[in-house]
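Below, each chain spelled out in residue letters.
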Amino acid sequence: MTQAKELTKADFVSEGDVKWCPGCGDYAILSSVQTVLPTLGIPKEKFCFVSGIGCSSRFPYYMDTYGFHTIHGRAPTVASGVKLANPDLSVWVVTGDGDGLSIGGNHTVHMIRRNMDLKVLLFNNRIYGLTKGQYSPTSEQGKVTKTSLYGSIDSPLNPLSFAIASGATFAARTNAANPKHMQEILRAAAAHKGTAFIEIFQNCNIFNDGAFAKYLNKDTKAEENLFLEEGKPLLFDGETKGIVMNLDGNNPKLTVEEVDPDKAGVSKTGKKFLVHDPKNEDHTLAYLISYLGSISDPENPAAMGVLRSVDKPTYGDVLNAQEEQAVSEKGKGSLKDLVYSKDTWTVKETANA
Amino acid sequence: MATKDQDKEQLHSVTIRFCGDSGDGMQLTGTQFTNTSALFGNDISTYPNFPAEIRAPQGTLAGVSGFQIHFSSNNIHTAGDELDVLVAMNPAAFKTNIEDLKQNGILIVNEDAFTPNNLKKAGYIDDEDIFAPYESRIRVYKVPITKMTLTALEDFDMMAKAKERCKNMFALGLTYWIYSRPLDSTEEWLASKFGKKPEILEANIKALKAGYHFGNTIEAFQNTYEVPEAKIQPGTYRNITGNQAVAIGFVAASELAKRPLFIGSYPITPATDILQELSKYKNYGVKTFQAEDEIAGIGSAIGSAFSGHLAVTTTSGPGIALKSEFMNLAVITELPVVIADIQRGGPSTGLPTKTEQTDLLQVLYGRNGESPIPVVAAKSPSDCFEAAIEACRIAVEHMTPVVFLSDTQIAIGSEPWKLPDLSNLKEFEYDFHKDPETFAPYKRNELLARQWAVPGTPGCEHTIGGLEKEDITGKVNLSPEAHEHMTKVRAEKVQLIASKLPATEVLGESKGDLLFLGWGSTYGAIRTATEQLQAEGLKVSQVHLRHINPLPNDLEEIMRGFKQVVIPELNLGQLSMIIRSKFLIDAKGINQMNTKPLSVSDLMAKAKEFLGEL
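Those protein sequences? They're chains A and B, same order as listed.
The opening position of the first sequence corresponds to residue 12 in my numbering, with each subsequent residue numbered one higher.
The opening position of the second sequence corresponds to residue 704 in my numbering, with each subsequent residue numbered one higher.
Treat each hint with caution, since some may be false.
Listed next, the in silico PhoX-like pairs over lysine-lysine satisfying Cα-Cα at most 25 angstroms (straight line) [said to hold, decoys possible]: (1) A/K359 x B/K934; (2) A/K30 x A/K191; (3) B/K1311 x A/K353; (4) A/K353 x B/K1121; (5) A/K347 x B/K1121; (6) A/K20 x B/K1178; (7) B/K899 x A/K353; (8) A/K264 x A/K279; (9) A/K353 x B/K1129; (10) A/K343 x B/K1129; (11) A/K347 x B/K1146; (12) A/K341 x B/K899; (13) A/K353 x A/K341; (14) A/K225 x A/K252; (15) B/K850 x A/K57; (16) B/K1137 x A/K55; (17) B/K1137 x A/K57; (18) B/K961 x A/K16; (19) A/K57 x B/K1146; (20) B/K983 x A/K341; (21) B/K1137 x A/K353; (22) B/K845 x B/K805; (23) B/K1311 x B/K1266; (24) B/K934 x A/K353; (25) A/K343 x B/K983; (26) B/K1146 x A/K55.
FYI, nobody ran anything at the bench for these hints, they're computed from the structure.
My request is simple: use the sequences and hints to build the entire structure.
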């Protein structure tokens, strides 16, 4: 054990200026992370922040922890090596919609499916900020940017659906403009044993201002945010509406129905509202919930909170167990055995005199 | 070369190539002949040659797989130029290999496989007498290997196909008889492999013996031969391929560095064996990580280096192209990681199973910015052990990525390895920093190596990254002064490695008419040519480079002691370009791009041409 000294937020603030644009959503994320870390009971030297390239990826420079600002899209690979080499560390990957889903999409899939026990913060601002305003893989179709003067042609990715389909054991969404909720989610991610993927709605006030305004506006936020709570029905808009499951032909579909004011937990058409169960082993429902309110489904509210949190052995745990198994079966290897092990023969001095 | 000893003729050296369809078991046959010869006491050198396709259509030219072994009562350094014996299991194997058989050499073919259908597949007319053009200059033995094998296994209750599969053992037995080899080591090996399948074990042994007795019984072979034991340095030996030796070298380096070994890699021919080999060593504390691609392979290795492991990644040329951006990250973050490049034929996918030395300029210069990376090259299969340790030593002691170069010929070729006295291996000396009072991320020692402090160390928290930085503190700094300074420091740090290198070894006189300067797998051929030219009284010497970046400090003086510097390479002149530009020495190249190892006779002929011009 290291120090008995109680850690505070100030222990995680690096010296030097933070260089994001004034008003950037990244500031709030940085502050929330610095607020949460000292409460986790982990010694400061055990934190390591690994990032790729982009505005979000400057994050490690602003943390007074171990940090590695790597190359575009590849943070998951470096973070995997850091974690496998030292399983005691709390390793955090900071990435963005371009870094994590475009150039680094491949690595994101594998980091998730292997359950590497990394904490992943994906700042989603639906734009390329550091290169000054081109459409990203989460930009809405038809978005006009400097490289899509007639509107972008790509269909957007939904980060949470992507993560859940890749086998995420923990997937959550929060909003940089809602620090209280964000800190709750960060704590839940830190407590999860396995890769924890968090999509953070983050406003780029320079190149994509207002992308998430409807989740924050006084008039619309109640009907646009579906806050998830384990064991509670999926209700929103002051518990006047909720989510029910319908079958559209063979296709399961989540739809919004109004709450029957006379009957608790039932919609006006008599349907039961879904009850949130993040521990459901089957990821189908979590996938459907992740899709709600996505760019391709703007009619519905977006789920905010922990969509999925299930137990599964981590890659590192299994790797170490295999090492122990090999040692118990074969004994701890020595270099001498390795070099001298196989089909050797000896040439004697006298034989060739 | 040969002396008559009643009915056994004594030979000094023999080169045999077994070839057939890729499913015919030729690699196994060759390996068995190798092990038997090594145990017998010959010096050996081998070179397998297989197709890029795992199982190309049966009987086709594309599907021919070969295994060449050179065994001798002398010390040898190559797998042999020309063949004394060619064993061809079908017409395609015959067609693709016959030109390598020397005058009066022995051709053994499996007569049963020379059917009209197989002849057509090999591009012959179905009733063509394909041996006729050769019969005057070689000795042709048509042996019904398939039929004889099936006959020998008549009493076995096995499918005909399974019986036929034993025909490689028949061929092996026959060559054992011709070269007076004992059968016991192969019998033991078969017993260990098929111990749980007694029927198959018995069938293979029966076929092996049938081949051996066939040679004995039939009078077609007038002579048998003996290749006596070689005068080999006393010691304990094992036969080893280059890739195996690299894997063991990394484990040894991990012990010398006192850091656990981490390998992050993606399978690629011909480097895959190293990852596979290390995967067996979990009980040595080796962590192997098969990543999702080449980039993730080196990325994870760099991450493990940041976390304090001895980090390696293994690949071939196309993988280097993908890893380049990460190699640069290791350059600027000054982290120790070894990138093993087992070269193959290029460009692009090129010739995945063939040998070349064409990645030298790529690993030296194929990155953006001024990006100095040390380069270490292995010269033979067993040499990979020491070269791999040397690459790791430089990485850790100088805090830098290092490229380790091998190639297909070294990687899959084998030779006896005189096992080292492990107590002579020197531990690595470096600053694994734990004291926050004296720590700064880019604080350097006299070799300009920076301090290595890893996550988990209290008080040494710091962030590194790909942006330019200021020295000592490591803080991001993009100023003109910082960039100029750091560029020069990175270059000087690599150059300083040369100050620690031992004097360069010269084979032969240190002054003379012609210096062969080489690197990598050409070592054996160049050495043999050098020794033979010296024996003819010519003033020829050899220098073979272990370190290509930085070059040894004494190299220039050595080169200037010769009237001519000749650089043989399996490329169009990559080391030549470096030597010429760096030293303004008019080095001449001997360059070959036909996917084959250099031939000794070619080297000798060309050296004489150069000498004639003097």
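Consistency of the hints with the structure:
| no. | hint | verdict |
| --- | --- | --- |
| 1 | A/K359 x B/K934 | 10 angstroms, holds |
| 2 | A/K30 x A/K191 | 24 angstroms, holds |
| 3 | B/K1311 x A/K353 | 43 angstroms, violated |
| 4 | A/K353 x B/K1121 | 13 angstroms, holds |
| 5 | A/K347 x B/K1121 | 14 angstroms, holds |
| 6 | A/K20 x B/K1178 | 22 angstroms, holds |
| 7 | B/K899 x A/K353 | 21 angstroms, holds |
| 8 | A/K264 x A/K279 | 18 angstroms, holds |
| 9 | A/K353 x B/K1129 | 24 angstroms, holds |
| 10 | A/K343 x B/K1129 | 22 angstroms, holds |
| 11 | A/K347 x B/K1146 | 37 angstroms, violated |
| 12 | A/K341 x B/K899 | 21 angstroms, holds |
| 13 | A/K353 x A/K341 | 15 angstroms, holds |
| 14 | A/K225 x A/K252 | 17 angstroms, holds |
| 15 | B/K850 x A/K57 | 70 angstroms, violated |
| 16 | B/K1137 x A/K55 | 15 angstroms, holds |
| 17 | B/K1137 x A/K57 | 14 angstroms, holds |
| 18 | B/K961 x A/K16 | 32 angstroms, violated |
| 19 | A/K57 x B/K1146 | 22 angstroms, holds |
| 20 | B/K983 x A/K341 | 11 angstroms, holds |
| 21 | B/K1137 x A/K353 | 40 angstroms, violated |
| 22 | B/K845 x B/K805 | 18 angstroms, holds |
| 23 | B/K1311 x B/K1266 | 13 angstroms, holds |
| 24 | B/K934 x A/K353 | 22 angstroms, holds |
| 25 | A/K343 x B/K983 | 13 angstroms, holds |
| 26 | B/K1146 x A/K55 | 23 angstroms, holds |
When the structure is compared with the earlier hints, violations turn up for hints 3, 11, 15, 18 and 21 and for no others.
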